[in-house]
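First to last, the sequence lines map onto chains A and B.
So the first sequence is numbered by my numbering: it starts at 3 and just counts up by one.
So the second sequence is numbered by my numbering: it starts at 144 and just counts up by one.
Treat the hints as calculated values from the structure; they're not laboratory data.
One should not assume that every hint holds.
What the hints assert, rightly or not - Lysine to any residue pairs mimicking SDA-like chemistry, simulated, CA-CA at most 25 Å apart:
hint	chain 1	residue 1	chain 2	residue 2
1	B	Lys-146	A	Lys-15
2	B	Lys-243	A	Lys-15
3	A	Lys-59	B	Thr-226
4	A	Lys-5	B	Gly-172
5	A	Lys-73	B	Gln-188
6	B	Lys-146	A	Phe-22
7	A	Lys-57	B	Thr-237
8	A	Lys-72	A	Val-54
9	B	Lys-243	A	Ser-89
10	A	Lys-57	B	Gly-235
11	B	Lys-195	B	Val-228
12	A	Lys-15	A	Leu-43
13	A	Lys-20	A	Glu-64
14	A	Lys-59	A	Ile-79
15	B	Lys-146	B	Glu-157
16	A	Lys-73	A	Phe-22
17	B	Lys-243	A	Asp-61
18	A	Lys-5	B	Thr-226
Quick caveat, the model's predicted, so the values are computed rather than measured.
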Amino acid sequence: DVKVTQSSRYLVKRTGEKVFLECVQDMDHENMFWYRQDPGLGLRLIYFSYDVKMKEKGDIPEGYSVSREKKERFSLILESASTNQTSMYLCASVSGGAVGTGELFFGEGSRLTVL
Amino acid sequence: DAKTTQPTSMDCAEGRAANLPCNHSTISGNEYVYWYRQIHSQGPQYIIHGLKNNETNEMASLIITEDRKSSTLILPHATLRDTAVYYCIVTGNTPLVFGKGTRLSVIA
């Protein structure tokens, strides 16, 4: 079975902490994405990457950074967590050269609570 | 990317066909129509996609109008497990933008 695995399903962190959300895919996909999902707002794109060491800002990159050192791994970093970053975070990947085409595979999500 | 318009919610009786509409009147020639669904507490799942021809797979059928300004996702025999939020997305070569989708409730 093809898989996108997110390291933690549930996390609780304190304001100001540095938070790492890890995502690993086993499909040799070039493109990887981080979304956040909030009630009433749907899924919003934070960052994406179309190759190792490459990254592009999505619609809401403020307060986040990313790292893609290996093809299979895409990390989302909250340098100093704030309460408004409490959310469900979803990682996804897709093969191919065009980041918008093809079947997007999602992980199960990481629910982050910042106190 | 072209924007899409979907009804906020729909109900469907178990065993009946569920027809989920989507308007995408500003779609351009090289943009595809994608459908995903999200069951509560899970990541979205790909269902089907198409460019201009109708498509069918084991999960659903996608009917795209000739002018490509709208489409309909058909679940031929809805079950309780099809209760989910369904997203219609139009995209060329940019990352998928998920709107709010249609919440489908399948009722026994």
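Holds or violated: are the alpha carbons of Lys-72/A and Val-54/A at most 25 Å from each other?
holds, 6 Å
So if I understand the rule, the pair passes when the alpha-carbon distance is 25 Å or less; does Lys-5/A with Gly-172/B pass?
violated, 32 Å
Sort out whether Thr-226/B lies within 25 Å of Lys-59/A, counting only the CA atoms.
Judged against 25 Å, a Cα distance of about 33 Å means the pair is violated.
Take a quick look at whether Lys-146/B and Phe-22/A sit within 25 Å of each other, Cα to Cα.
Between Lys-146/B and Phe-22/A the Cα gap is close to 33 Å, so the pair fails against 25 Å, i.e. violated.
Assess, step by step, whether the Cα of Lys-146/B is no farther than 25 Å from the Cα of Glu-157/B, and give holds or violated.
violated, 30 Å
Are the Cα positions of Lys-243/B and Asp-61/A separated by 25 Å at most?
holds, 16 Å
Compare the distance between the alpha carbons of Lys-73/A and Phe-22/A with 25 Å, and conclude whether the hinted pair is satisfied.
With a Cα-Cα distance of about 17 Å, the restraint between Lys-73/A and Phe-22/A holds, given a limit of 25 Å.
Lys-20/A and Glu-64/A were given as a pair; does the straight-line alpha-carbon distance stay at or below 25 Å?
It holds: about 15 Å lies between the C-alpha atoms, which stays within 25 Å.
Holds or violated: Lys-57/A and Gly-235/B, Cα atoms, limit 25 Å.
holds, 19 Å
Holds or violated: Lys-146/B and Lys-15/A, Cα atoms, limit 25 Å.
violated, 36 Å
Need the status of pair Lys-243/B, Lys-15/A: alpha-carbon distance at most 25 Å?
Roughly 28 Å separates the two Cα atoms, so the pair is violated.
Pair hint Lys-57/A and Thr-237/B, alpha-carbon separation not exceeding 25 Å
At roughly 14 Å apart (the allowed maximum being 25 Å), Thr-237/B and Lys-57/A satisfy the hint.
Hint compliance for this structure: hints 1, 2, 3, 4, 6 and 15 are not met, and every other hint is.
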